[in-house]
Amino acid sequence: MKSVWLAALAAVAFATPTHAQDIVVNHAQGETTLSGVPAKVLVQDWATFDNLNALGIDVAGAPSSNVPGYLADKVPAEYLQLGSLFEPDFEGIAASESDVYFVSARSAEAYGTAKDILPTIDMSLADNSDILGGIKANLVKLGDIFGRQAEAEQLNAALDAKVEEVKAAAADKGNALVIVTNAGNVGVYGPDSRVAWIHNQLGIPSAMADVEDGDHGGDGISMEFILETNPDWLFVVDRDAGTGETAGAAAALLDNELVNQTKAAQEGHIIYLDPQAAYITMHGYQGVMLLLDQVLAGLNA
Amino acid sequence: MRLLILAIVVTLLLAVTSLFVGVSDVSLDALLSTSPQDRPMQVLLISRIPRTLAIILAGSSMAIAGLVMQMVVRNRFVEPSTAGTTESASLGFLVAAVFVPGWPLMGKMLISAGFALAGTALFLRILRAVPLRDVMLVPLVGIMLGGIIGAVTSFFAYRLELLPSLLAWNMGDFSGILRGRYELLWIGLGCGVFAYLAADRFTVAGMGKDFTTNLGLNYQRVMVLGLVIVSMVSATVLVTAGSIPFLGLIIPNLVSLMVGDNMRRTVPWVAVMGAGFVLACDILGRIVRYPYEIPISVVVGVIGSAMFLFLLLRTRRHAS
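As given, the protein sequences belong to chains A and B, one line each in that order.
Residue numbering for the first sequence follows the numbering used here, beginning at 14 and increasing consecutively.
Residue numbering for the second sequence follows the numbering used here, beginning at 1298 and increasing consecutively.
Listing some non-contacts, in silico: residues in chain A with all C-beta distances to chain B over 10 Å: (1) N66; (2) D71; (3) E91.
Here are some of the chain A residues that sit facing chain B, going by a computed Cβ distance under 10 Å: (4) S78; (5) N79; (6) G200; (7) G233; (8) L240; (9) E241; (10) N269; (11) E270.
Examples of chain B residues lying across from chain A (beta carbon under 10 Å, computed): (12) V1320; (13) E1458; (14) L1464; (15) G1473; (16) R1478; (17) A1538; (18) G1582; (19) E1590.
Derived by calculation from the structure, the hints in this document are not laboratory data.
Quick caveat: nothing in here was measured; it's all calculated off a predicted structure.
We put the beta carbon where it would ideally sit given N, CA and C, even for glycine.
Looking at chain B on its own, in the form it has when it is part of the complex (with noise of 0.2 Å):
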């Protein structure tokens, strides 16, 4: 509990950093010295804080949809966009920005959560038949099955002339994030909200239908529901900032190794971590180049990978 409050506050002072780091000059002094009407205040207000609640909002939820896919694929290795997740919620926003380009965001959201939603759904089909004797089966299928949906979405995108549009969407990126551009993402709290109170059916769904069957939970109504709060989630986040790769892998798998797979304990964990992590992430590429920015995917993956490489190495060494 103590190691908590810890993490904690540590993502709350990245956060504050987050809050002062930028192009515009917004530094304590320059607040307190101007009136509010000024110009340090209006950037606070209209850029920072909400670049900063984006932030959080999306690594918290994403790592939080990671875990919960974990515990209903029964898979360290899965995350949204190991399973064809993200693949998916792209075709479906670039279906509804050629058939409904004028429909306001939260309506493409919907569409693309929803092919989300059929995706994943795939994808847990196409694992009913694949015989699972080996964990990296699992991602490795769902790579697969990202890889055949992100083809059609590219082909797609090709005829329309529409592939530039589509590389910068998935592109994750909170260099556009204004007031009134991320709140979206509110709904993505919401959804990790939901998957902490159910934490405990997650947790027995994670151990197997016959065992939850045999507690007398509805086993098909979990899944169901974890795969609706992770195709949201991805949706949401898609759309907003672009897609983060390896965080919903990473973090949960770190947390684990923390504190273990009860996931009441670990959902604040995951949603904490989640959120440092991309705050220290996208502050990295905000100053690496300064004044111009690193995308957000960028600095996740080139950290992210490296970090999944440590953790597929520990696993190896740890089963032999």
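In isolation and in its complexed conformation, chain A is listed as follows (with noise of 0.2 Å):
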């Protein structure tokens, strides 16, 4: 009991006298403290390097791997490569002397080893049911951080105003599908998946009652899931990107006798959307941006 008292008398004693300008940051994972805006700044996640990116702050350091196409002419031709995006290269991350440190999702098992090397904050969502309404509160956490809330705060109300046209723009125009597609397999997201936005927040019904989630390939189904739930509209992840036929995969696949039939491949409805975009980076700002402006124009055509 003692020492809990001392604890707590210690903790008001050094936490009373702080400098003006440190910076505490509540994340997933617990609190961090910044002294002062950080000048160097590490990723390990190319949803937080995107939002970074789209508040105007340069970073220094980032995944080695998988740089979405949308982002790869904003990475620095010379930039610290700091492993993969599950695997942090920690020596790396030591020696460079960096003042913040950011992983989210894939990455953030690496905070428990990362937050004794230097600041490290998780940027993790807490769950994909409002993943729109996460990309929000993160830009609002970055731009409190690196004082840039006059951008965050533009930048979310231009994602409202974006979400608000595609709303209109869907509704009364039925319900949808959200497949991934993978070397001749296809899966189908759920309401808990990476593409939760599409059903729960802008507002298209599902055309299934009941998706169970699937998160990373989904679920697996066959062709004639895809005809009998017959959606208006479908959706489609294509995983295969980069395999040198790229969008022509997916579509490849989805031309055959069973889903020409649904009301989605007459009407002309089948939306390609960017498989970076929603594959890696998920809840990148510019890459939310980049599927609701592809989903408009898709519901527009």
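Both chains are given apart, each in its own frame, so use the hints to dock them into the complex.
As structure tokens, this is what we get:
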């Protein structure tokens, strides 16, 4: 008991004379204190890179692999390569003497090790049911850290406006199924998946009463499944991207006698989403804006 | 003979069941009460019959490939996936997908088969250098070789950002099979028939090189014929449905326990039981999480590894 009081006293004693520029950040795995606005920034996750880039903040280090195409020209030519999306290069991170390090989703486990090396912040979203809200909260958080509150507000307003625009376009246009294709196999994405916002935030109803969650490749389905759910719209995440056949692979797979009988195929309502924005970044501002634009263009076509 | 007929009947029943299991409503009633242009008949023709045929063809040809391989290598625990053949076929398919993405599936399959052939030949070459006192050493060498080839494949797939595609190729799955997307598997049937015609030669070859030569057979030629059959089957099944683990191992062993080792007698058994086993597994995979599907390689993997352990422990008990 005594020690608890002592600890509390010590906490108060140390907390009061805080430097004016200290920034305390609450995040998914606790609280991190930054001494002033970070200058050298590392990210282990493309969504956070995307968000920082949208706010106009330069990043010194990022993953060495899986650079999403739409971000490719935004990655500095010479940057510190931090390992894969899942496995950070801790030695390089330690040697870089950076001010802050962001992990998220795939790299969230690195937090335990990284927090002892340098101030680390986990930007993971709490759950997939409110991805757009999560993006906005992350932008606000980053805006606070880097003193870019105005920019964050602007971006969030633009996102809200875009969502409203898509919602209006989607109203009364019928239901949809979000599927992912991968080397000849098809999976369906549900309401807890990384593209759940198409259903629960744009208001496009799912063509299936209850799609169970399939977070990675989706739940395996047959062409008959698509025929029977008969969606008005089909949103397709083509994971084969990069095979040289890129967009063609999913299209060729879905061009068959069963899918061609669905309403979506007959009306030309099959929309191919940017697979990297949807699959790799998942919750980056620019990625989602790109996807929203693709949905909008498809709906209005 | 009577038993074989029974096995055929059971497999046929499974095939008929397979025709009536799926997301769309295809029942005898629906088929009879609607006109032939309606959906039930269409689904039957476009999806169900091709899928059922694909399963039968893949199941029987993979099982026969396993049998031929066991004869050629003279080891009960060898099959395409424990000899580096499947991994080599997969590497070949990756090479085809990268260098000639526009080629028709048939062309890619041939490249894949070429790699499978080379990989299996390499396996046999290595075996010649290894003292083979223990039966378990042969599949162990094969699994190690497969691991090395698989690592090379993974490395290139990783660098080319094709890792998810590679995983999906290697995952056996019949959910994407439709009319026009399984026909390559008929090549597997051709190979199976060939294996049957050459069965006596393989039986003799299974008794060793000296014995074969003494009987006036060209041992080398029989070996090459076996390898070509195994490689073609592995490549066609990999390209159309993905790899199906353990199948070529379990079925020939079960048949050997039941009817012995004369290949002329065992080939029909192996074909029928291979088809029946895969049919049962695929039907299970379609039902367990209806309307979603569990890939065939997962179902066969779970059931197959249990059966493999059973066979292994049984052999040990007999040996002691």
